[in-house]
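Protein chains in written order, with our numbering: chain W, 3 to 326; chain S, 1004 to 1518.
Please keep in mind that the hints were generated in silico from the structure rather than gathered at the bench. Since the model is a prediction, treat every value here as computed from it, not as a measurement. Take the hints with a grain of salt, since some may be wrong.
What the hints assert, rightly or not - Residues from chain S that face chain W, not an exhaustive set, calculated with beta carbons under 8 Å: (1) Lys1145; (2) Ile1169; (3) Leu1366; (4) Leu1374; (5) Pro1379; (6) Phe1381; (7) Ser1385; (8) Ser1386; (9) Lys1432.
Built from N, CA and C at the ideal position, the CB exists for glycine as well.
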Amino acid sequence: MSVDTTTESAPAPKRGRNILLGLTLFGLLAALWLALGLSTNAFWTPGNISNLLRQGAMTAILAVGQTFVIITAGIDLSVGAIVGFTSVIVAWLLQAGVPLWASIILTLLMGVAIGAFHGFGIVRMGLPPFIITLATLTSLRGIGLLITNGSTISINHEGFTNFSRTDFLGVPSLFWMVILVAIPAFVFLHLSRFGRYLFAVGSNSEAARLSGVNVNRTIYLAYILSATCAAFVGLLLASRIGIGNATQAEGWELQAIASSVIGGTSLFGAVGSVHGPLLGAFILATINNGANLLNVNSFWQRIITGLLIIVIVYFDQLRRRGSR
Amino acid sequence: MSSLEELSHRHDDQAKRADTVPRGAAILELRGLQKKYGLVEALKPATVTFLAGEIHAIVGENGAGKSTLIKLLTGVITRTAGEVFWCGKPVQLATPTEAISRGINAVHQEVVLCAHLSVAANMFLGDEMNRYGMMRKGAMEKAAQAVLDDLGFQLPAAALLGSLTIGQQQLVATAKAAMRGIRFLIFDEPTAYLTRQESAQLFRLIRRLRDQGVTIVYISHRMEEVFELADRVSVLRDGTHVGTRLIGETNETELIALMINRTIEQIYHKEKVAIGKPIVETKSLSGPGFEDVSLTVRSGEIVGLYGLIGAGRSEFALGLYGRQPVKSGEIYWEGQKVEIPHERKAMDLGIALAPESRRDQGLCLNLPIGLNINLPVFKRLSSGLVIRKGDEAENAERQIRDLRIKTPSRRVLASAMSGGNQQKIVIGKWLSHGAKLFIFDEPTVGVDVGTKAEIYRLFGELLKRGAGIILISSYLPEVYELSDRLHVFRGGRLVASHDHRAGTHEDVLTQAIGI
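Only chain S is shown next, with the shape it has when bound in the complex (with noise of 0.2 Å):
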């Protein structure tokens, strides 16, 4: 018996032991679940069934309805009509202790652990082994590690959590709930911040688990993952549930159609722009992170820069606007020689950064969205020391309304926003600042398909008007289909360079991967 298996049954004593399901019978059923939050419906009467042992992915846009569904099933929030069946008995999944008791579990996006206590202490945080009251910290660091190899993992359980990338927290996160005991676990978008490896990793474990009987919701915006990896799918539109299929009875156009009635030719629109004249050129430039890189970016042209994360693509960017200071090579702006050794000089130059991180680098959460939208030009909105009023609620007025950012008022906070009208704020704070090379780095991780299109098509904007963008991304059909010239970056530098859609999709996999 493998360790992990050993572990998880330190639980198996519990209550939840008495309903079993045979495999493949249904484990979970919604019958006409609903939630309202006063007159919005957030989620119509739905009816659901998941099976024990299967992986059920779930796909929809934001604001379809998803994250109201964890939120159900996890006891986060009470229903407002519906009912729910657990192993055919009705239940009430009023709370998340009640959830957890019966074995449901959930992994979020965001890591929810103790970046200051080691791996095992998280792996076995508020479950601790114990002997006469004091802690087996040896004992838990064996076990643990233990279960990371067993998982092939290659992490150290004594390792410090927040010494480890992200990807490897959300490894231990996964492994601490595959620990518990748990018989149903939703994953709500894991991959967003993986490595193709780690990814790889955490699907070996996904896979393992649905062996050993435990039922999986994966939810993600990646068809190529839930294609992957998922046995049945269904599909949220606009709070309705469309659809269940079975993974091999459909494919990923029928999914489009049923999310947002659209085909994948109109998702990637890609404006035909004349190229001109270069707008930056780089030569050798080398930083913190990446090396010896050079490109040119011109006007009217989409360059992509593909990689893994840690390839060197933020840094090479984050150098290029500034933040990082570059260590040699040389900038050409425009065809003039130039040091940018801080932001505001990228700025000046006409250089527009829209960070990997929305949370980290790109919004004040906790602000209103009319700030975050005018803080690189409340100088330009200021007379002397005083800001024009009018002239402040205007721009932001009118990045709101061109972006059809979804808000009542410019004054509600950016935190309120879901994950895509966010990206529109942060794309909204460059397009008044009127800049003539735009850096997005990421711009759709965590967006729905439908503003993936609308930033999409905003690009073709941004080219028409002569701007030149960058396009860093870790998704490949994005930079595949709409970069005029594509990098691929590898370890800190750049390997290899294609022309619009020249080179296959292995290919440039291949490159970045450097087999």
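Looking at chain W on its own, in the form it has when it is part of the complex (with noise of 0.2 Å):
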């Protein structure tokens, strides 16, 4: 049949625009260790690369699990509240006697039920993921304060204190778990189907509903990773500072939203990758380390990280404007 209506000026695919845009923050990353490596000595030190990739290590692991949540045009503001509460729970269950592996997967079971608790709030209550998640970050906070009566519990456990401190094969061990959960993160995202409902889901969930996507449980499934990957980061951070405190990680929600955010992820939903929100944390982590080393006032830090994620966000929109 040769129904030549004008063939539409459709763009030119765009499957380098990921890519791309990885390569992008890849090479502000690179330019900003190449820049501390000139400016300062200290910055290619051992001690300094370590201590980097320990700080990046926990914002990374948050950012890929909001990721997950942002991608169904969602939003998790309890992540940082997670954070504080769970390093609270694993200290309790520690100081109580109970093995450090059973310890873990209570915690981390604990995190997947907050992520329940956000998909049944979302889902059946027909509350906003914005209101929800915001309303457990207050919670949260004030029941980790009310086990630990305001104080802190100490942890006493010196194999689960020292795991921080670990290196394995010259790397820190802290970095090593950005690994292991940004594989299986990949794999979920970008090669299996749920990772595909995510996107769906987030694009118009209607439309996948129809498509015989159970949207229901991809929303449930999104708010579980992202609260056990805060309940993990919980586990780390308590190792870290071998200590159980409700009120750290405070505003590191927002730490994990700016670095998917200027990992690429579109808070509209339907846009987002695994890479992008473990560079974005990498890049503050770097400027956050940058400025220490160079002496930079703290409250500058903040100004700084705050005109950045304008600057990339900027730049990522007008790239998205010409390429459409």
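Join the two chains, each given in its own frame, into one complex according to the hints.
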């Protein structure tokens, strides 16, 4: 049939966009490392690099979990609070004499439960993600403070607290944890059908539903993964500082969201990757680290971070508009 | 003087009053107007004259250049070459502001108003009545109500816009444009989502504006509307202006021939397929929006559901598909009694639904075409948790090829496609799923004649494979010509049934409206 309606001027395929963004961010990270290496002697020391990798590791894991949620066009404001809360839980369990392996599993399950609660609030109660996770943000801090009676629980388990200081093959264990999370996360988001479903739900949940996607289950899944990543970070933090304290990790949810957004995730949903937020988290960590080394006032660090978010996301928007 | 005219005179003191032309004289002349995107010539040099106080229809397939022309006229894009004369003087029309200041306005298919504001607030948006810097809410409501009453719309000015149907919102958008003292008003497929009554109200308004000397450009795929409304009609094909006719000197056959070089019989091409055993049978099925619907779909058969929008056809389809809970009644699938509590059950049985709204229900617009096509079948394309990349690509490529979806790649976003190609993506989703019963809800809304013919041909293919089709449409010629059995819905109930081409158009219409 020769119905030659003019071929609409569809844009060229944008296969490379994700990869391109990844490369740009990687370039930015490399440039930062190079510049800091040239301007301070302290940067390229094994101690500092290990420190940097440890600093970035926890935000990176939070950001990956957060990205799953943002891809569904949701938001998880509770992750910082979950980190603080679960650090209390694991300290409490260890103090009560629960074996280490059981404490870890129970803490992670606590993350699963919190995520499932978020899913319940969104799917069954019809609450906006912003509201339900904001509510758990404040409540979890409160529950954590109640458990500890406003103070901290110190952890006397040597093996647990030493873990964060150990290296494996010359790389900090905490950074290995990022890889441990990132590889399954990559498989899940980019290679499995559930990853596709996250994107579909974030793009148009009704179309996804009518295509047989279990939208409710997908939403549960996203929030459970995010909260479980946060609980995992809670374990790492408890190991690093050796205490359980509900007020720890204040504002980390914003760090995680910022990392994710810098990494190319769209807050409108349906756009995002695993490598993006990882790079975003380490860019933020490098800026903080570099600012410390250069003796920049820590107040300035916050300002710089804010400006950086604007600049990076603005350039991403420009590129997207150009490609449409 | 009517309240509409009073309000529109609020704007008459502006500069545009200066350049008036007598009724019937050329108000807007396009001479060799051309638009290129890179190497693609979206509009080949076109010379068209619009007369003051005429209704000028523009017809053509999707991609024929209609949207390009509208965008040029409203200043959304700038021309590559050619000249535009407004009231005899050359003008730029480089920005939307310039177009609006000259009195050129467009009413779009998708309503662009604020759902959370009242009807009155929307009508006065950007042009509020003020006194001492405070808005005169009461006065605006009163004035808006007067205009609405005057137009016979029977809409409450104080109601929230979001509480109205899409059709009613469209009427508000038109009333708003009419209030702004326009000289030249472009309608882009305005009736796509309107019920018959709403269309009639809109037509009354359009004629009235014409009688006041406003020039109307009316773009539509619906031939009967063009003949009902227009004074003259221009045809575009492949970016070329192929002719302008006085409406009295042309007919549907000639226009279609100009548009696509094919006849009506060739468009509504109906395959003769032997009708087999029942695939699905509903008995007194009731649910939200439909009641006591009993019908049967056999293999090789197209069952048409005709009715006004809101008559319960789409609701019935969603109920059958498990999207809406069914209250009572029974569903038999190939003779077996079944329950369909959710969409996946329907899919597992072998039901496919191409829903009414591509934008809201059919497509994930900001995702690639390939992902959209594969969405229902990712389970089949996966080994364990992981998707087999090769099969994923192959399945998408095959649908794109078979359905002739015009795209350079399966990775292009669905939003970049035209209406017709988007509809093909929705259909492609279900071809790979291998369903036995296909429900097509308004499959040809906003789709050009050529793509329509392709979609109808596809129906034939599906029937030959032994599938059954439920075809829901508000476009009577389509269901009338294609259905082996035609059911008419009114007020949520199935009120009449016809065999293929039994009963006249008028009969069916009367049954649907209920007079």
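Against the structure, the hints come out as follows:
Interface restraint check: S/Lys1145 against chain W, minimum CB-CB distance 37 Å, threshold 8 Å, status violated. A cut of 8 Å between beta carbons decides the hint on S/Ile1169: the least distance to chain W is about 16 Å, and the hint is violated. Here the hint on S/Leu1366 is kept, as its CB sits about 6 Å from the closest CB of chain W, short of 8 Å. Proximity of S/Leu1374 to chain W holds as hinted, the smallest CB-CB distance being about 6 Å (cut-off 8 Å).
Interface hint status for S/Pro1379: upheld, as the beta-carbon distance to the closest one in chain W is roughly 5 Å, under 8 Å. With a cut of 8 Å, the hint placing S/Phe1381 at the interface with chain W holds, because the nearest CB-to-CB distance is about 4 Å. About 5 Å separates the beta-carbon of S/Ser1385 from the nearest beta-carbon of chain W, less than 8 Å, and the hint is met. At a threshold of 8 Å, the smallest CB-CB gap from S/Ser1386 to chain W is about 10 Å, leaving the interface hint violated.
A least Cβ separation of about 6 Å between S/Lys1432 and chain W falls short of the 8 Å threshold, and the interface hint therefore holds.
In terms of the numbered hints stated before, the structure departs from hints 1, 2, 8, listed from lowest to highest.
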